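Counting from 0, one number per residue, gives the positions in the sequence shown under numbering that gives the first Met the number 0.
Be aware that one or more of the hints could be misleading.
[Claimed, not checked] Below are the DSS-like pairs computed for lysine-lysine, each with C-alpha atoms no more than 25 Å apart in a straight line:
(1) Lys118 with Lys89
(2) Lys149 with Lys191
(3) Lys117 with Lys71
(4) Lys117 with Lys191
(5) Lys95 with Lys107
(6) Lys149 with Lys118
(7) Lys187 with Lys149
(8) Lys117 with Lys149
(9) Lys95 with Lys149
(10) Lys71 with Lys187
(11) Lys149 with Lys107
(12) Lys71 with Lys293
(13) Lys310 with Lys293
(14) Lys95 with Lys117
(15) Lys310 with Lys264
(16) Lys264 with Lys309
(17) Lys309 with Lys187
(18) Lys309 with Lys293
(19) Lys71 with Lys264
(20) Lys293 with Lys191
[Stated by the list, open to error] The following label-pair restraints were derived from C-beta to C-beta distances:
(21) Pro199 with Leu155: 53 to 59 Å
(22) Leu155 with Leu314: 40 to 46 Å
(23) Asp85 with Lys107: 24 to 30 Å
(24) Arg58 with Ala127: 24 to 30 Å
(25) His231 with Leu308: 19 to 25 Å
(26) Asp205 with Asp121: 48 to 54 Å
(27) Lys264 with Thr220: 42 to 48 Å
(28) Gly295 with Ala136: 44 to 50 Å
(29) Asn234 with Lys107: 55 to 61 Å
(30) Ser230 with Arg104: 39 to 45 Å
Rather than coming from a laboratory, the hints here were simulated on the basis of the structure. Since this is a predicted model, take the numbers as computed values, not measurements. Glycine residues also receive a C-beta, built at the ideal position from the N, C-alpha and C atoms.
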Amino acid sequence: MSLVILLSRSNSLSSALSRWRKLVVSAGAITAATVAHGYHSNRSRGLPQVYKRSYQGFRTMDTPPDVFQGVKDRFFGVTVDGNQQDIADKAQFCEKLHKSLDFWRQNKNRTIWFRVYKKQADWVPILAEAGFDFHHARSGVVTMYLWLPKDEPSNLPSYAHTLLGVGGLVINENNEVLVVSDRHAIAKDIWKLPGGYVEPNENLVDSAVREVMEETGIRTTFRSMVCLRHSHGGNFGCSDIYVIIALNPLNLETTPCEREIARVKWMPLDEYFCHPQVLEANRLFVRTYLDYQKRGLDFTCSSMVHSLLKKEYKLYYVAPENDSNEEVPKL
0 MSLVILLSRS NSLSSALSRW RKLVVSAGAI TAATVAHGYH SNRSRGLPQV YKRSYQGFRT
60 MDTPPDVFQG VKDRFFGVTV DGNQQDIADK AQFCEKLHKS LDFWRQNKNR TIWFRVYKKQ
120 ADWVPILAEA GFDFHHARSG VVTMYLWLPK DEPSNLPSYA HTLLGVGGLV INENNEVLVV
180 SDRHAIAKDI WKLPGGYVEP NENLVDSAVR EVMEETGIRT TFRSMVCLRH SHGGNFGCSD
240 IYVIIALNPL NLETTPCERE IARVKWMPLD EYFCHPQVLE ANRLFVRTYL DYQKRGLDFT
300 CSSMVHSLLK KEYKLYYVAP ENDSNEEVPK L
């Protein structure tokens, strides 16, 4: 493909992105919100003040004394937390549960969510016998649910079904890429990018920086998003999304994590692209990043605040040219 065609396509893409942003703004779908490019070193600003607010609105429900105290959500469901209930024994729990179900049905509530903690494990068979099923669990607590409406099918969303991981693509000034060999890898001696799973309430970039530091001892800062891989049939039967994030190194001396990493090294790019123990997908990740740099594409990350929910979120996008003069999408 000729250089003229490549440049034409690149210009068309930038033009299309610019038109899309202007169209969305003019349509009124984008509202004003504070923007802070918190991760981009060339546009670093102070983070906006963040106001915590849940995506779901909950409020305490008025109930008779012989009914479980719970909170009502915007879908007219009720959540009962086992730790907020004063129950003497299983007999009292069983009696109160059936009175509560009668009340909720008369009140036309929809989904009843019941959080049962480990110390209340003997409540589980009682709830199951009453028609409750398991929805999700974490250490120390299981959430069971019961769909009450008889005239409509349940439309409850599945619990988290996709695991999220990151890989840190770190290239130094000597054109060497940081690679590791996992101690417990499926295929022995394969060289790959350092990385791992994203922790709860952790941003993608923070996760990549943390994983690279933990596995290799290399401290880094954000440079660019690169790409993602989506697959199915992973751990626990979940799907898997693996996000590649380019990072700038702040030091060069490696200190591998002995528990997880067998080997770590800075590998010259020429060697990396032809090494028999580097998988083709990993070569593609680096080629993609280098292509972005060659074409001047900036796949950046912005810290923003939702204008209605007052929650901070991250927006990942290909920044337009002259980004400081262009409106960035705000939700």
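Quick rundown of the hints versus the structure:
1. Lys118 with Lys89: holds, 12 Å
2. Lys149 with Lys191: violated, 53 Å
3. Lys117 with Lys71: Answer holds: Lys117 to Lys71 is near 24 Å, not above 25 Å.
4. Lys117 with Lys191: Distance ~40 Å between Lys117 and Lys191 Cα, so the pair is violated.
5. Lys95 with Lys107: holds, 18 Å
6. Lys149 with Lys118: violated, 33 Å
7. Lys187 with Lys149: violated, 55 Å
8. Lys117 with Lys149: Violated: Lys117 and Lys149 sit about 31 Å apart, past 25 Å.
9. Lys95 with Lys149: Given that 25 Å is the threshold and the Cα spacing comes to 22 Å, the pair holds.
10. Lys71 with Lys187: Violated, at about 52 Å.
11. Lys149 with Lys107: Cα-Cα ~11 Å, so holds.
12. Lys71 with Lys293: violated, 54 Å
13. Lys310 with Lys293: Violated, because 35 Å separates the two Cα atoms, which is more than 25 Å.
14. Lys95 with Lys117: With Cα atoms ~20 Å apart, Lys95 and Lys117 stay inside 25 Å; holds.
15. Lys310 with Lys264: violated, 40 Å
16. Lys264 with Lys309: violated, 43 Å
17. Lys309 with Lys187: violated, 47 Å
18. Lys309 with Lys293: With a Cα-Cα distance of about 38 Å, the restraint between Lys309 and Lys293 is violated, given a limit of 25 Å.
19. Lys71 with Lys264: violated, 54 Å
20. Lys293 with Lys191: The given pair, whose Cα atoms are some 23 Å apart, holds under the 25 Å limit.
21. Pro199 with Leu155: 53 to 59 Å: violated, 21 Å
22. Leu155 with Leu314: 40 to 46 Å: violated, 29 Å
23. Asp85 with Lys107: 24 to 30 Å: holds, 27 Å
24. Arg58 with Ala127: 24 to 30 Å: At 28 Å between Cβs, range holds.
25. His231 with Leu308: 19 to 25 Å: Given about 31 Å between the Cβ atoms, the range is violated.
26. Asp205 with Asp121: 48 to 54 Å: Because 40 Å falls outside the window, the suggested range is violated.
27. Lys264 with Thr220: 42 to 48 Å: With Cβ atoms ~21 Å apart, the hint is violated.
28. Gly295 with Ala136: 44 to 50 Å: Holds, at about 48 Å.
29. Asn234 with Lys107: 55 to 61 Å: Cβ of Asn234 to Cβ of Lys107: about 40 Å, so the range 55 to 61 Å is violated.
30. Ser230 with Arg104: 39 to 45 Å: Holds: the Cβ-Cβ distance is about 43 Å, inside 39 to 45 Å.
Checked against the numbered hints above, the structure breaks hints 2, 4, 6, 7, 8, 10, 12, 13, 15, 16, 17, 18, 19, 21, 22, 25, 26, 27, 29 and satisfies the rest.
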